[in-house]
Amino acid sequence: MLVGWARRLGSDGRTSHRVFRLSVLETRNGSRPPLAPHVLSFGMLRDEQDVEKALERPGRVVRRERREEEGAVVITYEERVEANGFYLVTAEGEEELDPVRFEVYGEEEDGRRTMVGASGWSLDWLRADASSSPPWKLSGSKEYNTTTRRRAVEAFDLRPPRAWTL
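Here the sequence shown is numbered in the numbering used here, starting from 221 and rising by one per residue.
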């Protein structure tokens with residue numbers, strides 16, 4: 221079990237996918253599931269920085285495509301990206317439409333999905349394998365206290381706290 225945790229902490233909570241999906245399960249006004257995600261933007265983070273910026277190289281910028289589906293935002297990067305967090309930006313409209321319960325999935329080319337983030341989480345001490353998923357029990361059933369400010373960034377860092385690595 222210690223070997224598994226050492227590997228997991230060494231990966232810094234990173235997961236690697238090309239496609240990510242933010243599925244909104246409930247809005248502040250109780251709409252389940254909403255017809256639209258009501259977020260201005262959604263993206264993945266690598267060490268607290270948008271992966272588009274983190275992977276920039278001279279003469280090359282990593283870009284993403286964004287599309288909305290019923291109650292979800294799907295982003296597709298040009299290549300697989302390593303991420304250990306995500307962010308969403310609240311929309312300009314009514315705060316009652318802000319997401320408060322949501323799940324974030326990484327998608328494989330064959331359609332398989334892995335939950336890589338959510339509105340709620342708890343640490344899973346028994347998850348000692350060396351998989352690429354974070355060491356959390358992620359749950360979209362827990363409500364997140366999304367800010368009521370408009371065009372505000374909500375960032376979710378999925379790296380293990382540094383105190384755990386000592």
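One or more hints might be untrue.
Said to hold, decoys possible - For each label pair, taking beta carbons as the anchor points, the in silico distance ranges come out as:
1. Glu316 x Arg280: 22 to 32 Å
2. Glu299 x Arg370: 15 to 25 Å
3. Gly340 x Thr368: 14 to 24 Å
4. Gly340 x Arg280: 32 to 42 Å
Calculated directly from the structure, the hints in this document are not laboratory data.
Please read all numbers here as calculations on a predicted model, not as lab measurements.
Even for Gly, the Cβ is constructed at its ideal location relative to N, Cα and C.
Comparing the hints with the structure gives:
no.	hint	in the structure
1	Glu316 x Arg280: 22 to 32 Å	violated, 41 Å
2	Glu299 x Arg370: 15 to 25 Å	violated, 33 Å
3	Gly340 x Thr368: 14 to 24 Å	holds, 19 Å
4	Gly340 x Arg280: 32 to 42 Å	holds, 37 Å
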